[in-house]
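**Student:** So the protein sequences, as listed, match chains Z and W.
Residues 1379 to 1840 (my numbering) make up the first sequence, in order.
Residues 1379 to 1840 (my numbering) make up the second sequence, in order.
Everything labelled a hint here was simulated from the structure, so no lab data went into it.
One should not assume that every hint holds.
In this list, chains with the same sequence are indistinguishable; a pair is considered to hold if it fits within one copy or across any two.
Derived EDC-like pairs: lysine to aspartate or glutamate, alpha-carbon spacing no greater than 16 Å straight-line [claimed, not checked]:
1) 1651 - 1793
2) 1710 - 1793
3) 1640 - 1793
4) 1623 - 1669
5) 1577 - 1592
6) 1710 - 1604
7) 1452 - 1781
8) 1692 - 1736
2 protein chains.
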Amino acid sequence: MALWMKSFLVVCSILISETSLAKNMILIIGDGMDDQQITAARNYLHGAQGSTILDTLPVRGAVQVLTQDETQPKTPLYVADSANSATAMATGVSTSIGRIGTSANADKDLTNLTELAIKKGLKTGLVSTAAITDATPAAFVAHVNQRGCQSPKRMDQYESYGDLVIDCALDLKSNGGLGSISEQLVDSQIDVLLGGGAKFFKLKNESKSQTLIEQAQLNGFDVAFDFDSAQNSDENKKLLGVFDKKHLEVKWQGTGGRVAEKPQFSILNWFHKYLGSVSLPDEMKCEPNPEYAQRNTPSLKAMSELALTRLHNKGGFFLMIESASIDKQSHKRNPCGSIGEAEQLFETVQLALDFAKDNPDTLILVTADHGQAAQIIPNGSMFNAYGVPISTPGAIARLQTPEGGVMAINYATNEFSHEEHTGVNVPLFANQNVKDKNGEDLIKPLIQQRDIFSLVKTYLEL
Amino acid sequence: MALWMKSFLVVCSILISETSLAKNMILIIGDGMDDQQITAARNYLHGAQGSTILDTLPVRGAVQVLTQDETQPKTPLYVADSANSATAMATGVSTSIGRIGTSANADKDLTNLTELAIKKGLKTGLVSTAAITDATPAAFVAHVNQRGCQSPKRMDQYESYGDLVIDCALDLKSNGGLGSISEQLVDSQIDVLLGGGAKFFKLKNESKSQTLIEQAQLNGFDVAFDFDSAQNSDENKKLLGVFDKKHLEVKWQGTGGRVAEKPQFSILNWFHKYLGSVSLPDEMKCEPNPEYAQRNTPSLKAMSELALTRLHNKGGFFLMIESASIDKQSHKRNPCGSIGEAEQLFETVQLALDFAKDNPDTLILVTADHGQAAQIIPNGSMFNAYGVPISTPGAIARLQTPEGGVMAINYATNEFSHEEHTGVNVPLFANQNVKDKNGEDLIKPLIQQRDIFSLVKTYLEL
Chain Z
1379 MALWMKSFLV VCSILISETS LAKNMILIIG DGMDDQQITA ARNYLHGAQG
1429 STILDTLPVR GAVQVLTQDE TQPKTPLYVA DSANSATAMA TGVSTSIGRI
1479 GTSANADKDL TNLTELAIKK GLKTGLVSTA AITDATPAAF VAHVNQRGCQ
1529 SPKRMDQYES YGDLVIDCAL DLKSNGGLGS ISEQLVDSQI DVLLGGGAKF
1579 FKLKNESKSQ TLIEQAQLNG FDVAFDFDSA QNSDENKKLL GVFDKKHLEV
1629 KWQGTGGRVA EKPQFSILNW FHKYLGSVSL PDEMKCEPNP EYAQRNTPSL
1679 KAMSELALTR LHNKGGFFLM IESASIDKQS HKRNPCGSIG EAEQLFETVQ
1729 LALDFAKDNP DTLILVTADH GQAAQIIPNG SMFNAYGVPI STPGAIARLQ
1779 TPEGGVMAIN YATNEFSHEE HTGVNVPLFA NQNVKDKNGE DLIKPLIQQR
1829 DIFSLVKTYL EL
Chain W
1379 MALWMKSFLV VCSILISETS LAKNMILIIG DGMDDQQITA ARNYLHGAQG
1429 STILDTLPVR GAVQVLTQDE TQPKTPLYVA DSANSATAMA TGVSTSIGRI
1479 GTSANADKDL TNLTELAIKK GLKTGLVSTA AITDATPAAF VAHVNQRGCQ
1529 SPKRMDQYES YGDLVIDCAL DLKSNGGLGS ISEQLVDSQI DVLLGGGAKF
1579 FKLKNESKSQ TLIEQAQLNG FDVAFDFDSA QNSDENKKLL GVFDKKHLEV
1629 KWQGTGGRVA EKPQFSILNW FHKYLGSVSL PDEMKCEPNP EYAQRNTPSL
1679 KAMSELALTR LHNKGGFFLM IESASIDKQS HKRNPCGSIG EAEQLFETVQ
1729 LALDFAKDNP DTLILVTADH GQAAQIIPNG SMFNAYGVPI STPGAIARLQ
1779 TPEGGVMAIN YATNEFSHEE HTGVNVPLFA NQNVKDKNGE DLIKPLIQQR
1829 DIFSLVKTYL EL
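With the rest of the complex left out, here is chain Z (with noise of 0.2 Å):
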């Protein structure tokens, strides 16, 4: 065959690899985005009788969350973690609270999608509003006993709570770990890590020689520390972006950063719980957290364009999304800071969407991780006729919506400075279903959080 034949060809077949057989896969986990986070933001951004984004995807479906013990990995636990849940995720394995990659008990590293990703030669990325040393895109990379293993200066720590020890000298390199999770971000092939985070890669490494920024650029990272810099870095490089010391900033806060409160009861209520009066706080509505501009924070969108302007046509790719602080705000009693970071999501989600309509080899998977503690509950009680005074042992925020009504959201799991998770399944969404071999659909009415990482690698073929 003539020389410009055989390179016609070779061309012919990488624009059909490129065109018909890779294949994008798009993860988006809204961090406790469970039913009452999806109700609230709808009625607060799209009134009740309105549809988010999420609504209009064709497949539905609930996950159920999976949580082992860490010292009888048997024993199941009804309420996950970050961690835990996140590992189920990215490697198909339950395993036990703030377990980073690792099995309960036995400490085994767990394979994830992003290595099973690299090993077939596709592209990666992780972006998250958090500090992307954080619980669930850590899972996607790194393999440590615990979450708090997360940079350097936390690794020759010992700690010890009842059943639960964070030994973290168990994953210094020195002692035959892979070190803590910032260095296995940057000794990572990851194409992308966008996020938050700075402070925990500016520490030198485990033996000192280096900070984690200079790692990482030897490894082959453009670092950025403002988007302006990520958007400008050198698309023939890895591109590591942290845009703020820790978590970004979150985009709402309520009426002068007021979160929820306490009801007053009256002194006579002291006596019993049905004498004096009770007064609810003030109604709040949300408003701009002025630390996000004033912190130049890119928003969840614009880190997942840039990450998709640098994985796209370059023979598939997966990538993991994080809006990260409807949960952390939640363990704030901040219902607007939760609303505002679900928008943030939902805009996400719908550039996820016109991306797959340019590229139809795109699966899009939306979901939560675990619940979390906020409730929908009536703006005064149900039982107000009895004329007695009636409200949460915990606290509440009142916010007057945009369509004119007033939505009550009630934190009451703990009196803590942070509310729990709760144990309820989590939603599922999807642009298309994932077929077997035999043409049935994966993504049933209800899975199991490791069924995740099954769906990711059958599509990915990998």
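Go by the hints and put chain W onto chain Z.
**Tutor:** Frame of chain Z, contents of chain W only:
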């Protein structure tokens, strides 16, 4: 044409209409059965890795629950009660709290599904573990301005609570109304009414001329006060079976009748929330509620089976079945009560699926009317490591699950004798999708609650 030939063709046409055109609709409502309740029941009954019968249904979606303000019907409320949510399903119109088959503010009677089904010549039935006059079944028959207008006894009452006016006199027959809910039930052409609420039928009617039982008998009902009598009732008559004074007893309770209890904080904790210690309530198990057997309570499945026997093979039917006390037990902070009643619903869904296997023209929809207060939270706290006392300010029950775990359930929407509902969107399950004339699926990933009315109307061609 010869007479025998004509007769043959008539028989043929009847057979064809019964076998291919007669459609059956079974709408199963789990009162308060949101995703938290389903997850708790799944964990307890089938294990965290198990699945309920609901999870095996091929169609799953979510339903947005809508409620209108009574005085300003264009203003939304974000938490429903069973009356307005059942009215939305039964009539396709979103209304205000407490209303049964009437519109917010204007108090217009709204046509419901059983009225349309009866008009078309279909058989109809309502089955509930609550009093059959309770909000959910009532909304499928009656039209009153408040759910409290349940029996003749309440009908001359007028009550006002702020904006809320309960003026049962409006609905008196002597004032041009349709009478109380129990009167409207005995006046109805519904073929099967099974549940509790005997006490509401032993009263004399508005004109004091006869009891409602006598009136029911005059209107063609066989009336039964125990399940044996109901089973042996005249098949050619309508059937009113009321098997307890008010609501039916529930199957399960917590150990020794215990429900969720408040954690006990030590005295030191009164001075500061991070001082002292906290004791959680003892763990418990679910056990049979002795009252259930003592009162010969029929199961929801048994009642539903009887209803199906009476309704099928008669040209199609509409049957609404409610497991009412998932909600009522959650109001009372009794997780075992709710789980047992969820199990009753699951058994009934299995019955319906078995029926649909033999009768393929059967649509089964399973949904909830609104969210409830229960939340699965950590057994202890995610933040135990901080060494300070942390627990819910509400009540907590810690259930030892048959698979060897401990599932903690939190109730903290108020400190009244009854918890509040929540405003979360609720799940919808179906054995098949409903198609419009163009073959398009009508059960979308998100629908509004009033769309349930349209789905049934379309399927049964009402």
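**Student:** Take the hints in turn and mark each one as holding or not.
**Tutor:** Evaluation of the provided hints:
Taking the shortest Cα distances, residue 1651 and residue 1793 sit within 16 Å of each other only across copies (8 Å), while inside one copy they are farther apart (19 Å). In the homo-oligomer, the alpha carbons of residue 1710 and residue 1793 lie at most 16 Å apart inside one protomer (11 Å), although the nearest pairing across protomers, at 22 Å, exceeds that limit. In this homomeric assembly, residue 1640 and residue 1793 come within 16 Å of each other (Cα to Cα) both inside a single copy, at 10 Å, and across copies, at 13 Å. With identical chains, the CA atoms of residue 1623 and residue 1669 are at most 16 Å apart within one copy only, with a shortest distance of 13 Å there and 61 Å across copies.
Proximity of residue 1577 and residue 1592 under a CA criterion of 16 Å is satisfied intra-copy only: 14 Å inside one chain copy versus 80 Å between copies. For the identical chains of this complex, residue 1710 and residue 1604 are neighbours neither inside a copy (27 Å) nor across copies (53 Å), given an alpha-carbon limit of 16 Å. Taking CA atoms no more than 16 Å apart as the test, residue 1452 paired with residue 1781 passes between copies only; the shortest distance there is 10 Å, against 49 Å inside one copy. For the homomeric pair residue 1692 and residue 1736, the shortest alpha-carbon distance inside one copy (15 Å) is at most 16 Å, but the shortest distance between copies (53 Å) is not.
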